[in-house]
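Enquirer: So the chains spell out like this:
2 protein chains.
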Amino acid sequence: MADLGQQILEMGKKARAAARILALCNKDQKNAALMAMADAIEAAESDIIAANAKDLEAAPGYGLNAAAVDRLRLDSARIGAMAKGVREVVALPDPCGEVIREWTRPNGMKITKLRVPIGVVGIIYESRPNVTADAAVLCVKSGNACILRGGKEAIHSNAAIAKALSVGAVNAGLSADVIQLVPFTDRDGVRLLAEMDRYLDVIVPRGGHALIEAVVEHARMPVIKHYHGVCHVYVDKAADLAMAEKIAVNAKCQRPGVCNAMETLLVHRDVAEKFLPSAAKALREKGVELRGDKRTCEVLGAEVKAATEEDWTTEYLDLILSIRVVDSLQEAIDHIEHYGSHHSDSIVTMDEAAARQFLAAVDSAAVFWNVSTRFSDGGEFGFGAEIGISTDKLHARGPMGLEELTTYKYLVTGAGQVRG
Amino acid sequence: MADLGQQILEMGKKARAAARILALCNKDQKNAALMAMADAIEAAESDIIAANAKDLEAAPGYGLNAAAVDRLRLDSARIGAMAKGVREVVALPDPCGEVIREWTRPNGMKITKLRVPIGVVGIIYESRPNVTADAAVLCVKSGNACILRGGKEAIHSNAAIAKALSVGAVNAGLSADVIQLVPFTDRDGVRLLAEMDRYLDVIVPRGGHALIEAVVEHARMPVIKHYHGVCHVYVDKAADLAMAEKIAVNAKCQRPGVCNAMETLLVHRDVAEKFLPSAAKALREKGVELRGDKRTCEVLGAEVKAATEEDWTTEYLDLILSIRVVDSLQEAIDHIEHYGSHHSDSIVTMDEAAARQFLAAVDSAAVFWNVSTRFSDGGEFGFGAEIGISTDKLHARGPMGLEELTTYKYLVTGAGQVRG
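Residue numbers (our numbering), protein chains in the order written: chain A, 891 to 1310; chain B, 891 to 1310.
So that you can see chain A by itself, here it is in the shape it has in the complex (with noise of 0.2 Å):
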């Protein structure tokens, strides 16, 4: 335990010292770097391989099921894929060095806003493997070391990665230690991490909930949550009623494993005659159980099955959907804010008025007006690539991509002056 403390702590003092040059790198240094990354990893092809065949070897004993082991097999065309989205970043603009703002005070001295590294960044996930080297590049790309720790199903997947990684940050000269990756899955090695504020400026955990609970109940630095999305479409009385079933079918069905498909429909009760039984037969065909109140059940019959109090704060993430049928667009709103998540919620309705009244009222990430919530992305977005979803309010809000990975200092240059 002191061993595992002592450790840790070795990492952070190292990830500072990486992350200081780091920030001083310009755009094309963290490109090079990145390049020479993602040619690191094809040259690794074989040892990350061999790693991912312990994972799999391991996987039973862990009791994945055949979706989970499925998504932890690398390949070389997955490999290839890997090294593939490493030089996509490079493409993308580097946030930092951005003036934000900028100006003069009348006793002359001069104020710069600018963009900067936020130092060092902790990422705390359970996915993929490949999530590795999604969230390294990203990390380097915006001239933050970062500190990596994966689950245990993919540790020595993850490890063959990292070591890639790192091998093409020496190639490129920088320092290996732009890239950590924890050596062991202890779940306190988490609970160090997250009491590390010395070295570590924020943590961003992905993953499930006991693991984002873990990380929040002992962080001691920012925390930015990657949680679940429980959202919503409403259907307002003024909606193009085909339109709402279009979008309510792609947002619920395109991929119901999501934090942003919908989770929850709403309808109102001036539509709900005409809209239910047709969106309800869609929805079926696409194998979603229905789950409804009291007047969804009247108007759909043995359709669809009561809906429980329960039913509104669940995050599905299958092919389940609750139905609630509401008398006004304020009431949407109210349901939105009480059973909700804040994480991306839609209204479909050709009124402007009403429309505007949800984006207003509704406190989410992400607010949509005829459109479904699956854009709720840092892809879609157009950022290019993504950390993930925050979940949080404060310092990254929705989708999390470069500019997040960023924060900024102020610049303050003058003539000698002094304060009267």
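Some hints could be false.
The list makes no distinction among identical chains, and a pair is therefore deemed to hold if it is satisfied within one copy or across any two copies.
Computed list of lysine to any residue pairs in SDA-like fashion (alpha-carbon distance at most 20 Å, straight line) [to be verified]:
hint, residue 1, residue 2
1, K1136, L1190
2, K1003, A1251
3, K1136, R1309
4, K1003, I990
Hints were generated in silico from the structure; no laboratory data involved. Predicted model only: the values in this text are computed from it and were never measured.
Chain A is fixed; fit chain B onto it per the hints.
Expert: Quick look at chain B alone, frame taken from chain A:
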């Protein structure tokens, strides 16, 4: 204990409800509320003075010295100044509603990144009772409800001021709950606030180390710390030494008890023999006690005590200064990074290349070139008023004004876009 918890939770619920309505108020409605609050403070003058008398009576029991008692004391003039301060915030621009960025994606959906209030802001402070009014009106101006928790020494004064502010809010048609003061000062109250992430979106502790530590230990929401400042002035070998002396004296002496005052002076060895005797004389004439490293002691002789390792990390907040002679610009930067608090640091030099290196490499909220560190201040930056000076890197860094009391959300509008 369960009782305190229940009370805090009720305050949180009320604050959330008030915040939802306040977020939809326009600039004129918020400004009308501020004017009504200023009027209400003036109307409550005798109540506030009577409450203050109770605090003054209790002050000896808390061991307050004469200076602290003076800071606590409210009279007609100070209450008038408090009301005037509230009215001055009316004139500041409303940060909310600003379009931070707007763009259209290839699929036709338009994305607007809009500045919006954070929601409910918790402010924990120990200082003078006028902070109650100052902090509360900045929150309301930026569309946030606030929960305030002041120190026990000013509890009666704070309660009377908060009551007046709530009366003003109600007079202007807002909820009294936009401003709430925790009516007890148990340390448990700090913990309970810090744990209430459901209703409190951010918590801002201003005060001593123990208070901030109590918040950091328990907080589940973002914390914006207002910590100490170990600020440096580095006199480069290419400095205008007259300018350097003027800046050093100003940074140390103009107001030594504040966080942006200089605590350590770094001097390049090439100018130490010329600069130090004159600067030391000027500083000593202002009553400054000097503590130097070996080389400083060699130059200044008996005028200076030997500094210990502890001196380099100490925020004196007093007429004491540590001085160190360095071999190079890089050594100055390394000293600041190792011992400093990343608050405000200044280089004095006529060499632009040296200045640019310092500005880039020093990882502090505000980095100055030929300017006194005392300008690290919301008022001096032109922000009009400030909550304080954040020593965190995220979400607010350095002077924290109205804009730092906001966040953003994405509004996405379209014509039925679905994801393929």
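Enquirer: Determine for every hint whether it applies to the structure shown.
Expert: Do the hints match the structure? See the list:
Taking the shortest Cα distances, K1136 and L1190 sit within 20 Å of each other inside one copy (19 Å), while across copies they are farther apart (81 Å). In the homo-oligomer, the alpha carbons of K1003 and A1251 lie at most 20 Å apart only across protomers (15 Å), although the nearest pairing inside one protomer, at 31 Å, exceeds that limit. When the C-alpha separation of K1136 and R1309 is checked against a cutoff of 20 Å, the pair qualifies only between copies, where the shortest distance is 10 Å, while the shortest distance within a copy is 63 Å. In this homomeric assembly, K1003 and I990 come within 20 Å of each other (Cα to Cα) both inside a single copy, at 5 Å, and across copies, at 15 Å.
Hint compliance for this structure: no hint is broken.
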